[in-house]
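Trainee: Below, each chain spelled out in residue letters.
There are 2 protein chains.
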Amino acid sequence: MQASLRRCTQSIARRASIRDYLSAGATNEAVQINAWIKSIRRQKHVSFVNLNDGSNSDGIQAVIPNTLLAESDDSTNAGLQTGASVTFTGRLTEKQGGRKVTSAQAPKSNVELQVEQIKLIGECDGATYPIQKKDHTAPFLRRNAHLRGRTSTIATMLRVRDTMTQACYSYFREQGYTNVAMPLITSSDCEGAGEVFSVMHGPQGKEKPFWPGTPSYLTVSGQLHLEALTIGGGLGKTWHLGPCFRAERSDTNRHLNEFWMCEAELAWTETLEDVMSVVEGLVKSIASRILETNGESMKQVLPQGLDICESVTSTSAAWKRLTYDQAIEELEVAAKSDADLFQHQPSHLDGLRSEHERYLADKYGPTFVTDYPATQKPFYMRENEASNVSNERTVACFDLLVPRVGELVGGSLREERLDKLVQSMKEHGMALENYEWYLDLRRYGSAPHGGFGLGWERLVSWLCGIENVRECIPFPRGAEASRF
Amino acid sequence: MQASLRRCTQSIARRASIRDYLSAGATNEAVQINAWIKSIRRQKHVSFVNLNDGSNSDGIQAVIPNTLLAESDDSTNAGLQTGASVTFTGRLTEKQGGRKVTSAQAPKSNVELQVEQIKLIGECDGATYPIQKKDHTAPFLRRNAHLRGRTSTIATMLRVRDTMTQACYSYFREQGYTNVAMPLITSSDCEGAGEVFSVMHGPQGKEKPFWPGTPSYLTVSGQLHLEALTIGGGLGKTWHLGPCFRAERSDTNRHLNEFWMCEAELAWTETLEDVMSVVEGLVKSIASRILETNGESMKQVLPQGLDICESVTSTSAAWKRLTYDQAIEELEVAAKSDADLFQHQPSHLDGLRSEHERYLADKYGPTFVTDYPATQKPFYMRENEASNVSNERTVACFDLLVPRVGELVGGSLREERLDKLVQSMKEHGMALENYEWYLDLRRYGSAPHGGFGLGWERLVSWLCGIENVRECIPFPRGAEASRF
Numbered sequence: 001m002q003a004s005l006r007r008c009t010q011s012i013a014r015r016a017s018i019r020d021y022l023s024a025g026a027t028n029e030a031v032q033i034n035a036w037i038k039s040i041r042r043q044k045h046v047s048f049v050n051l052n053d054g055s056n057s058d059g060i061q062a063v064i065p066n067t068l069l070a071e072s073d074d075s076t077n078a079g080l081q082t083g084a085s086v087t088f089t090g091r092l093t094e095k096q097g098g099r100k101v102t103s104a105q106a107p108k109s110n111v112e113l114q115v116e117q118i119k120l121i122g123e124c125d126g127a128t129y130p131i132q133k134k135d136h137t138a139p140f141l142r143r144n145a146h147l148r149g150r151t152s153t154i155a156t157m158l159r160v161r162d163t164m165t166q167a168c169y170s171y172f173r174e175q176g177y178t179n180v181a182m183p184l185i186t187s188s189d190c191e192g193a194g195e196v197f198s199v200m201h202g203p204q205g206k207e208k209p210f211w212p213g214t215p216s217y218l219t220v221s222g223q224l225h226l227e228a229l230t231i232g233g234g235l236g237k238t239w240h241l242g243p244c245f246r247a248e249r250s251d252t253n254r255h256l257n258e259f260w261m262c263e264a265e266l267a268w269t270e271t272l273e274d275v276m277s278v279v280e281g282l283v284k285s286i287a288s289r290i291l292e293t294n295g296e297s298m299k300q301v302l303p304q305g306l307d308i309c310e311s312v313t314s315t316s317a318a319w320k321r322l323t324y325d326q327a328i329e330e331l332e333v334a335a336k337s338d339a340d341l342f343q344h345q346p347s348h349l350d351g352l353r354s355e356h357e358r359y360l361a362d363k364y365g366p367t368f369v370t371d372y373p374a375t376q377k378p379f380y381m382r383e384n385e386a387s388n389v390s391n392e393r394t395v396a397c398f399d400l401l402v403p404r405v406g407e408l409v410g411g412s413l414r415e416e417r418l419d420k421l422v423q424s425m426k427e428h429g430m431a432l433e434n435y436e437w438y439l440d441l442r443r444y445g446s447a448p449h450g451g452f453g454l455g456w457e458r459l460v461s462w463l464c465g466i467e468n469v470r471e472c473i474p475f476p477r478g479a480e481a482s483r484f
Numbered sequence: 001m002q003a004s005l006r007r008c009t010q011s012i013a014r015r016a017s018i019r020d021y022l023s024a025g026a027t028n029e030a031v032q033i034n035a036w037i038k039s040i041r042r043q044k045h046v047s048f049v050n051l052n053d054g055s056n057s058d059g060i061q062a063v064i065p066n067t068l069l070a071e072s073d074d075s076t077n078a079g080l081q082t083g084a085s086v087t088f089t090g091r092l093t094e095k096q097g098g099r100k101v102t103s104a105q106a107p108k109s110n111v112e113l114q115v116e117q118i119k120l121i122g123e124c125d126g127a128t129y130p131i132q133k134k135d136h137t138a139p140f141l142r143r144n145a146h147l148r149g150r151t152s153t154i155a156t157m158l159r160v161r162d163t164m165t166q167a168c169y170s171y172f173r174e175q176g177y178t179n180v181a182m183p184l185i186t187s188s189d190c191e192g193a194g195e196v197f198s199v200m201h202g203p204q205g206k207e208k209p210f211w212p213g214t215p216s217y218l219t220v221s222g223q224l225h226l227e228a229l230t231i232g233g234g235l236g237k238t239w240h241l242g243p244c245f246r247a248e249r250s251d252t253n254r255h256l257n258e259f260w261m262c263e264a265e266l267a268w269t270e271t272l273e274d275v276m277s278v279v280e281g282l283v284k285s286i287a288s289r290i291l292e293t294n295g296e297s298m299k300q301v302l303p304q305g306l307d308i309c310e311s312v313t314s315t316s317a318a319w320k321r322l323t324y325d326q327a328i329e330e331l332e333v334a335a336k337s338d339a340d341l342f343q344h345q346p347s348h349l350d351g352l353r354s355e356h357e358r359y360l361a362d363k364y365g366p367t368f369v370t371d372y373p374a375t376q377k378p379f380y381m382r383e384n385e386a387s388n389v390s391n392e393r394t395v396a397c398f399d400l401l402v403p404r405v406g407e408l409v410g411g412s413l414r415e416e417r418l419d420k421l422v423q424s425m426k427e428h429g430m431a432l433e434n435y436e437w438y439l440d441l442r443r444y445g446s447a448p449h450g451g452f453g454l455g456w457e458r459l460v461s462w463l464c465g466i467e468n469v470r471e472c473i474p475f476p477r478g479a480e481a482s483r484f
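Read top to bottom, the protein sequences are chains A and B.
Counting in our numbering, the first sequence runs from 1 upward without gaps.
Counting in our numbering, the second sequence runs from 1 upward without gaps.
Treat the hints as calculated values from the structure; they're not laboratory data.
Each hint should be verified, as a subset may be incorrect.
[As the list claims (entries may be wrong)] Keeping only pairs whose Cα atoms sit at most 27 Å apart, straight-line, the calculated BS3-like set for lysine-lysine is:
| id | chain 1 | residue 1 | chain 2 | residue 2 |
| --- | --- | --- | --- | --- |
| 1 | B | 206 | A | 206 |
| 2 | A | 420 | B | 119 |
| 3 | B | 420 | A | 119 |
| 4 | A | 377 | A | 420 |
| 5 | B | 95 | B | 44 |
| 6 | A | 206 | B | 208 |
| 7 | B | 284 | B | 320 |
| 8 | A | 108 | A | 95 |
| 9 | A | 284 | A | 320 |
| 10 | B | 108 | B | 95 |
| 11 | B | 206 | A | 208 |
| 12 | A | 208 | B | 208 |
| 13 | A | 299 | A | 363 |
| 14 | B | 299 | B | 134 |
| 15 | B | 95 | B | 299 |
[As the list claims (entries may be wrong)] So, partial list: chain A residues that the calculated Cβ filter (under 7 Å) puts toward chain B:
| id | residue |
| --- | --- |
| 16 | 85 |
| 17 | 124 |
| 18 | 150 |
| 19 | 166 |
| 20 | 180 |
| 21 | 183 |
| 22 | 214 |
| 23 | 258 |
| 24 | 444 |
| 25 | 473 |
The beta-carbon is built from N, C-alpha and C at its ideal position, and this holds for glycine as well.
Here chain A stands alone, though its shape is the one from the complex (with noise of 0.2 Å):
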């Protein structure tokens, strides 16, 4: 097999991409492509080939004339299939009259490649080859997350990510936001939930600490580094995007052992409705960033994230609001209505449960449900004021909710008030003398101020319209063991 893998010219990398040759047009001058294989369909005079080189997500398609592949050597001519790569050379041209009509998955350019030569890179053992053309099953995917970027799924949900992301950096750098680098190893338990990963050091079944008698976890949030960064680093608005870990064992489409979360806190915020308006513009401008760029590439693959996108730009209004005990009368009336509505009824004791999420998602779109009982939420948190209808204590905090997916944001006010915050942390159990630090933000200096987390692979599962987050992370760690 490593026979065929020829050398190209010197000059290889500096060639123009499949993109940048489509945006040149037809020149009908002499260019090299050099691409994957994505299908190959062999017809009586002409064999249609379709390229993906990676730099756009519809490819190029190549024609070959039936009389230049008699001429290859045999190796050559058996070895173009489906994921082989290749160096054609040729002329770009307009497709021609009756090859406009070729396939669904055909390249939507009106531009082609004229093959006048062939140079088999890299053979693809059709017997072997995992990805083949016929629809493959998540999880056998998912074990093959190393080849699976070749599926058109995948493939465009890499570019919405990409998208996604380089869209996140521009709404906070124009929203004057300082991006900063959260440790990920970490003394601290932000959620208090003790379902951390503990990093340790040295041979198999030996594992030791490394840094004796200081705990090590892999963080489960940046939210009290944030935090210290802009209170206590007086930045005073920060953010950052990236990866979070929590040792559960959820077997669901929407948990991940290791996943990214976009998290910003802003200082000199007194309001609730300041800190939602943050998530509101960030994922309004991501959904209207992903439209321009990835559009046309989802029509065909992604038409139900594209239809979710469509709707979140379609209207400026501003999206739902819902305190908790209006949201539990809400389900409470529904619940009267119809008894099979759902499997838990709906109380205020007992919490939002998912399938309550979804209804209040399915019925108003994304929707903030806020002010929950302090009870159910974490030690930061900042206690409102006033209590609730039922007398209970209440937290300034929001659960952001979209349909299908549930919840996707959490945010809240801080506790910025030192002696609220030292109760708050005895309440919860915590050993307040590992928090010296954290305390210290509301010693020197405190500030009202606010922020939140949206999960990130959430995020990319609602917009793309893709089920399962495990499809929406290059290499996902959930709960079966992987070899990546």
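Mind docking chain B on chain A? Use the hints.
Mentor: Chain B only, in chain A's frame:
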């Protein structure tokens, strides 16, 4: 203390930032500024307060008539100290004649705030506040990393790092690369050096693997996975900027246990020059963006960094390229003419020591050293056709050496030929069965490709002129245990 943590008006977050006000100029309109006190100087008739809200590096000067202070209550008056947070209302005017000469540290803008009303928001007890005006040692500030952003050096570094990140995203987007997320928990040890952290789970002292039977390490490099997306996934050009981990005990200025890497892979390249030109373009465009965005604020705080950025962007000439053989020869000549030049005499067999790397970078500025003996480099580097003058096998690789820092980037063409790769892995004593997926990339449409990894904190260190990489990341993980 908390009694003075007063509530501001509801519209607080909708206020403009200091940056916004300064760009609008001296409007003489009533404004409200929420900020931290950087310093306060009480004079006969007025007090000068340098305010900073994080929206720019310079802040704004506020002028409080002492008559106003006389009207304030005692706790407010006493609370106006370095580090406290305040809400000042007043009018923006041109700086007044006699006030232009204040101090070297005063904000340079010609606009100042004539304060009419004062509110103390968060006190900062000068008796215990760790970040006083006087110079602190770097280790002391590291132990107070949650507050050290209030020092000018760290604040400026954080802003420069943000600029660098933004510049990096722009550069790769313009060059047609797809940004991808690399897994941090992985079962492969890319460099084969064994200095990896293990990811475990469970109560302290009884930690167990989370995925039994599958090794779980923290990644030492995203390269292998990046290759998978570039070649196996057909994206063609990919990159990422994210954390990597090494469980080494190197207590130096250049090492961290958790550090960031910018890595990129490009398909269809057969010459090292293609890869080096991406690196050179990237670093030059980052330096140029720093000058644009942070040049002014670096003048006072990081003047050495400013010089470096200027020298990097001042010439369009390509950086020096030397083969390993040429480098050794140069060093041997230099050592002959000055016996005390090096502690370790340069020799072909021993490789380049840090002192040798520094000598070359001091002499030539940024220098690419290429084509090292295969035995000195990892398994994945592409073997050159010709061996070197010592008749050793060499690989198509480079290290980029820069003044003061030494090795900043490592890159190579990757071995894309299956048989050569298998041979190299065997020679490196690797367990092939763990790398079947990596070998698949050479089985199914392999293509010539190359890439590099750039140490992000080393780049921050170099371009900021900051001695130690621990001052180049918000929360460093190094030899000392960290409480954050």
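Trainee: Please write out, lowest number first, the hints stated earlier that are contradicted by the structure.
Mentor: When the structure is compared with the hints, none of them turns out to be violated.
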